[in-house]
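*Asks:* The residues making up each chain are set out below.
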Amino acid sequence: MAETNDKIANDMLLEWLLRRGDTALVLGHRVSEWCGHAPALEEDIALANIALDLIGQARMWLSLAGEVEGAGRSENELAYLRDAWDFRNLLLAEQPNGDFGRTLMRQFLIDAFQAKLLQALETSQDHRVAAIAAKAGKETAYHLDRSADLVIRLGDGTPESHRRMQDALERLWPYAGEMFVSDAVDAAMAQAGLAPDPATLRPLWQETIDAVFSEAGLTPPASDFAHTGGLTGRHTEHLGNMLTEMQFLQRAYPGAVW
Amino acid sequence: MQASTSTVWQWLSEIPDPEIPVLSLTDLGVIRDVCWQEGTLVVTVTPTYSGCPATAVISLDIETKLRSCGIDNLRLDQKLSPPWTTDWLSEAGRQKLKDYGIAPPVTGTRSTAAGGRIARLAGKETFSVACPRCGAHDTEKISQFGSTPCKAAYRCRACLEPFDYFKCH
Numbered sequence: 003m004a005e006t007n008d009k010i011a012n013d014m015l016l017e018w019l020l021r022r023g024d025t026a027l028v029l030g031h032r033v034s035e036w037c038g039h040a041p042a043l044e045e046d047i048a049l050a051n052i053a054l055d056l057i058g059q060a061r062m063w064l065s066l067a068g069e070v071e072g073a074g075r076s077e078n079e080l081a082y083l084r085d086a087w088d089f090r091n092l093l094l095a096e097q098p099n100g101d102f103g104r105t106l107m108r109q110f111l112i113d114a115f116q117a118k119l120l121q122a123l124e125t126s127q128d129h130r131v132a133a134i135a136a137k138a139g140k141e142t143a144y145h146l147d148r149s150a151d152l153v154i155r156l157g158d159g160t161p162e163s164h165r166r167m168q169d170a171l172e173r174l175w176p177y178a179g180e181m182f183v184s185d186a187v188d189a190a191m192a193q194a195g196l197a198p199d200p201a202t203l204r205p206l207w208q209e210t211i212d213a214v215f216s217e218a219g220l221t222p223p224a225s226d227f228a229h230t231g232g233l234t235g236r237h238t239e240h241l242g243n244m245l246t247e248m249q250f251l252q253r254a255y256p257g258a259v260w
Numbered sequence: 281m282q283a284s285t286s287t288v289w290q291w292l293s294e295i296p297d298p299e300i301p302v303l304s305l306t307d308l309g310v311i312r313d314v315c316w317q318e319g320t321l322v323v324t325v326t327p328t329y330s331g332c333p334a335t336a337v338i339s340l341d342i343e344t345k346l347r348s349c350g351i352d353n354l355r356l357d358q359k360l361s362p363p364w365t366t367d368w369l370s371e372a373g374r375q376k377l378k379d380y381g382i383a384p385p386v387t388g389t390r391s392t393a394a395g396g397r398i399a400r401l402a403g404k405e406t407f408s409v410a411c412p413r414c415g416a417h418d419t420e421k422i423s424q425f426g427s428t429p430c431k432a433a434y435r436c437r438a439c440l441e442p443f444d445y446f447k448c449h
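Chain order of the listed sequences is A and B. Just so you know, we're using this note's numbering here: the first sequence kicks off at 3 and counts up by one. Just so you know, we're using this note's numbering here: the second sequence kicks off at 281 and counts up by one.
The set of hints was computed from the structure by calculation and includes no laboratory data. Misleading hints may appear alongside valid ones.
[What the hints assert, rightly or not] Simulated pairs of lysine to aspartate or glutamate, EDC-like, Cα-Cα distance not exceeding 16 Å: (1) B:K359 / B:D313; (2) B:K378 / B:D444; (3) B:K345 / B:D379; (4) B:K421 / A:D151; (5) B:K421 / A:E44; (6) B:K376 / B:D297; (7) B:K421 / A:E45; (8) B:K376 / B:D313; (9) B:K376 / B:D357.
[As the list claims (entries may be wrong)] Simulated restraints, written as ranges between beta carbons of each label pair: (10) A:Q193 / B:K421: 38 to 48 Å; (11) A:R253 / B:W289: 39 to 49 Å; (12) B:T285 / A:W260: 30 to 40 Å; (13) A:D185 / B:R435: 43 to 53 Å.
[To be verified] Derived coverage of chain B by chain A (criterion: at least 3 residues anywhere in the stretch with Cβ under 8 Å from a Cβ of chain A; other residues may be distant): (14) 323 to 333; (15) 351 to 363.
Because the structure is a prediction, the values reported are computed rather than measured. All C-beta atoms, glycine included, are put in the ideal place defined by N, C-alpha and C.
Please take these sequences and the hints and turn them into a complete structure.
*Replies:* Structure, rendered in structure tokens:
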């Protein structure tokens, strides 16, 4: 019986780690799509740096996931050789970049959540989780600093930039709620003292976004309807298209190294 | 005969950082420990930023250097915790950065997410970065991220030159 319980706990941890790793990986890849296309050189460099941080964080989470799974799969195999239904990222992370404003809004909504989550994870009972969170949290603080700043500048900028930011907020808002939906995996993690119940992070997140949106002159939609499914492998059509690009090399030349 | 750990530290201090070659790996503070374990030299390294591409090059450079110094039994351990901080930059390293044209980190100004933003909302930056060329404090941030994740892009309003600022981390 004890062995069965251990197995369940391990599967829950694996599932939870994939949510962290896949969200960082998918968002990191999306942000990297801007490389060479951003509206200004400084923004191009900033986006590339943030993508690097996120992909680095994904490597840490996925390496640990591979270790916990114990089936000999490396971070690379998890990243490049799973199909869309095996990915456990937030739907928000996989949404296409759209214009620069929409990319920034997506980043801000996730940064504000990640900052609170990672902070809480620093006291995780699993020292490996706590170590990754402490490392990633320092980087995320700078990401949030930048995305919040730009959301304010563009929201409170020209009529055109304001219109685009408000449009981005309305389009992405229905995907934001998924960050705070708790399920059996979250309950098991919270029970074991490994991670907070995401629902408890919502008021903290709300505080950050309220302050920024009020300064930016942006109004979130009143409805809290939330699309869900990403965390259990039911994705929007966009993820498959993204993976086709991201995984092309390993699919065409399996096991290729350089 | 085994080289003493102080000799190994000396060797490591001769390895330049791949991105900012005026700094050595020991200036940067990424070497966390050097010890012998049953005839194997174990060097513990911590990454600066989790996605920094220099991390892999740093490990390769350490291995190449120590093998050339005659170390055959070598292991590199990665250590994430405690996470790397610019507080570990040596004093000599800070001076070298400045001489190289990169403003060294202003201690105690690490972003705590809400901190910097709230200060700016209130219309004031919490700290000023001195221009590494002319020393003026009349400088402005152009972008939170510069040529590498560890740097921000700045401009001096006095001498009008752009420069990199090594962020407090």
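*Asks:* Just pull the numbers of the violated hints for me, sorted ascending.
*Replies:* Hints 3, 8, 9 not satisfied by this model.
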